[in-house]
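Protein chains: 2
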Amino acid sequence: MNNQIEGVLFTVARQIENEGGAVLHLMRNDSPQFVKFGECYMSELFPGAIKAWKMHKLQTQNFSVPIGRIKLVLFDAREDSETKNKLIEIELGRPNSYYLVTIPPGVWYGFQSISALHSLIVNCTDMPHDKEESIGLDISNTFIPYKWNF
Amino acid sequence: MNNQIEGVLFTVARQIENEGGAVLHLMRNDSPQFVKFGECYMSELFPGAIKAWKMHKLQTQNFSVPIGRIKLVLFDAREDSETKNKLIEIELGRPNSYYLVTIPPGVWYGFQSISALHSLIVNCTDMPHDKEESIGLDISNTFIPYKWNF
Chain P
129 MNNQIEGVLF TVARQIENEG GAVLHLMRND SPQFVKFGEC YMSELFPGAI KAWKMHKLQT
189 QNFSVPIGRI KLVLFDARED SETKNKLIEI ELGRPNSYYL VTIPPGVWYG FQSISALHSL
249 IVNCTDMPHD KEESIGLDIS NTFIPYKWNF
Chain G
129 MNNQIEGVLF TVARQIENEG GAVLHLMRND SPQFVKFGEC YMSELFPGAI KAWKMHKLQT
189 QNFSVPIGRI KLVLFDARED SETKNKLIEI ELGRPNSYYL VTIPPGVWYG FQSISALHSL
249 IVNCTDMPHD KEESIGLDIS NTFIPYKWNF
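Order-wise, the sequence lines are chains P and G.
Counting in our numbering, the first sequence runs from 129 upward without gaps.
Counting in our numbering, the second sequence runs from 129 upward without gaps.
Excised from the complex, chain P in its bound form:
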């Protein structure tokens, strides 16, 4: 599944089941994906909610979905990419699809929660939030060839 879009990685992350609840790995400073710690924050999605679209000019995303289930859609609009114009769609959630997802700058992404309860994304980026370095597009834009169900 990796390299369907250049630079996007899906790395299987550990889920250690315990009696009281699982321990869920995301990233360590010796993980191959780790470059620099910028910020760790969480994003909650209510059932059916869509958060789309966003693209970062500088920041790399490193996230997983420990709670609930989301559909992630990625679109490569980078002029110099070998996978330019490629769009992929993947479901993320435990136990069968618990990944550390790495999204490099220049790739558009959007989420939709597809579980009956709320979902949670935990993201460890390589630079703190800076609204100047990201661009948003409305979900009904005509630039990205994808139609959300809502």
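Take the hints with a grain of salt, since some may be wrong.
Note that the list lumps identical chains together, so a pair holds whenever it fits in one copy or between two copies.
Simulated crosslink set (EDC-like; lysine to aspartate or glutamate; CA at most 20 Å straight-line) [stated by the list, open to error]:
#: 1; residue 1: K182; residue 2: E145
#: 2; residue 1: K182; residue 2: E134
#: 3; residue 1: K259; residue 2: E145
#: 4; residue 1: K199; residue 2: E147
#: 5; residue 1: K275; residue 2: E261
Don't read these hints as lab results, they were simulated from the structure.
Got chain P sorted already, so can you dock chain G onto it with the hints?
Quick look at chain G alone, frame taken from chain P:
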């Protein structure tokens, strides 16, 4: 509430409510609490579940509770601490008690989930997990003067 136990910090963290679900801050590389990135992982707790007790010799914990509600109990067993033998108990959860909690080495901690659904802890430690540097104690030990309800 800070400094009830020496070195333990409760920092109000931002909750940015959006239509689709909140964005929940934890830590940035320019946060006062940030020293070094070691590992980010999540710990899930089923309703009523207890995860206790643990103490780290080297690692500092930096966590919040974005989902559900937990009771956190801390006990200071450090010989050289000004708050030696002090025990504190606090409920953590949104919206009224969403904190970045910083626990330095040497302080014992334990959790119990007190919400009807599962709870989740997101922890950004200053060093990767190393089983050699932490000590566990059974919940029914007689060293820590606390009795869990279970």
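Quiz item: Looking at the structure, which of the earlier hints fail to hold?
Solution: 5
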